[in-house]
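Visitor: Combine the two chains into a complex, taking the hints into account.
What follows is each chain in one-letter form.
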Amino acid sequence: MHELSITEAVLDVVLRHAGGARVRSVQITVGEWTGYVGDSIELFWQELARGTPAEGARLEFRFEPATLRCRRCGREFPVNGTGLECPGCGALGGEPAGGRDCTVDAIELEGGVES
Amino acid sequence: MITTVPVVEKVLSANDAVAAEVRALLDAKGVFCVNLMASPGAGKTSLIERTVAALKDEFSIGMINGDTSAAAFDAERSQRAGAAAVHVNTGGKCHLEAAMVRDALALLPLERIRLLLVENVGNLVCPMSWKLGAHANVLIGSTPEGDDKPYKYPKMYAGVDAIVLNKIDLLPHLEFDCERYLRGVEALNPGLRKFRLSCRTGEGLDEWIAWLRRQANGNP
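Residue numbers (this note's numbering), protein chains in the order written: chain A, 1 to 115; chain B, 1 to 220.
No false leads were slipped in.
Examples of chain A residues lying across from chain B (beta carbon under 10 Å, computed): (1) Leu4; (2) Val26; (3) Ile28; (4) Leu84; (5) Glu95; (6) Asp101; (7) Ile107.
Source of the hints: derived by calculation from the structure; they are not laboratory data.
Because the structure is a prediction, the values reported are computed rather than measured.
The beta-carbon is built from N, C-alpha and C at its ideal position, and this holds for glycine as well.
Just chain B, same shape as in the assembly (with noise of 0.2 Å):
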């Protein structure tokens, strides 16, 4: 005999459970927990040396930097800029999903963080379906990614909250089309939080950093 037994569960029903967890303990614990998602070599590493450096003094910052192998460079980067960083090794895994955030929660002094900045494996695909539990998701995508990206990755830009685009500094060497991305950007997701800067130059950075004070001050 075979019965057919309906079912209708999201696939990430159990991650998405496990995201609110981390939410719950990051609320009771006062911290504010950033997910940045980019594709690899938009910036993410020098954005975060970046943040932890102009914002170290004021707030307790954490780290907790996402990587698909065992080399821990750029959690060794976030902590010579002054942030408590772990390293996770996704072994494989394009993604981080939310019981990676749990567990290395378990290793960070939260009772003294203020701000906790997660980076997420380099990829415009994955990362947007599992939630990790954190305030805001925030995308960096960079000019010499082409102006073609909210198009390709619709998905990814209709899901954050924010989005930076680092490298505005190479825009003169770039045949990058700024309103064609922005008009992506726009259909995508209207009203979004725009961020344009040059972590090399240090250019916009100033905006950046008081959106996410005011952020971790609780104050959006």
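Same shape as in the complex, but just chain A (with noise of 0.2 Å):
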């Protein structure tokens, strides 16, 4: 159920940067560390937008892997579920890197805005 909150956020986002404006497509990048579903996003979406002018815009998701970056040699590496050990050097864990966010990159609207 953690989409639902997420895609109340993100609807939040989008309004409040569309001053009105009829949205048509909106790019969000999902962290893995996040560990949201851009699916599940999409299901909530379609009730959540209904009655605003978000309604039926478009969902565009670029996924960002989890990654950890070595504290000895500063390689970033991918969180793979089983070891934490950094293919460089061998080094144990590291601190979280990619993936760590959410973030409503860009929205397209119909029509022109004025900023």
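Guide: Set out below in structure tokens:
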């Protein structure tokens, strides 16, 4: 159910930036660390956007894999659910790097907007 | 005509802003707040009962219990243990949000409360994404869950300020490799404060209570 809250938050950001104009599409980056699933966001989106200027807007997802940055050699490597060793130098673990956030990157609006 | 508008806004920025409000209110009232996260059945409510029993004569303690339903069992257990408790029904949502905590704070006697324990919804995935404004985010793990949890839920383990490993009394009966577990924790969160305890036998609780007492007294 966590996509319900995240979809509410996406809609909130989109409507705030749309300034009342009709929204055609929304570009969203979903970081793997967040655990959100595009298909589920899509499902809630249809319901939540109904009756708003974003009704029917297409969602375009960009998936960003979860990575760690090695504290010793600085190499960024994917988290694959088993080991947490750096494939470069073998050091254990690292700082969460790529894929930490879910962001609305851009929206496409019908008609011009005054900025 | 189609216009593309760059946005580049974190989806949870609105929640982050409310979390900052919550933190400011807590600081103004001199309340130390701990956000307790865990999977269902790890022993959140048991740890709270033990903690309240140990500290209630020293501090006035407040509780916010998040649950996905209207069943207020956990808030009732906290209340019986001696805390002023508010039950928050998330309406099916699998985590607490900062606005829920803000609304719950309005129902608590903050002027009198020194230590506020927030029991998040049992879940290792989303609660970490939703900041609440707490001073310390604590994860309660338990031995029956298995030693692979840091590897499977790295975001949770990477983001917390302390970890409690509960149910250590069961270790003789389980194939739980403490070393593997702690290695995963260390990989994601080096130097993390760790407490190994059993809410059932009481083993190891003193260290946790002493840490919490120091935190609530402003001596981390």
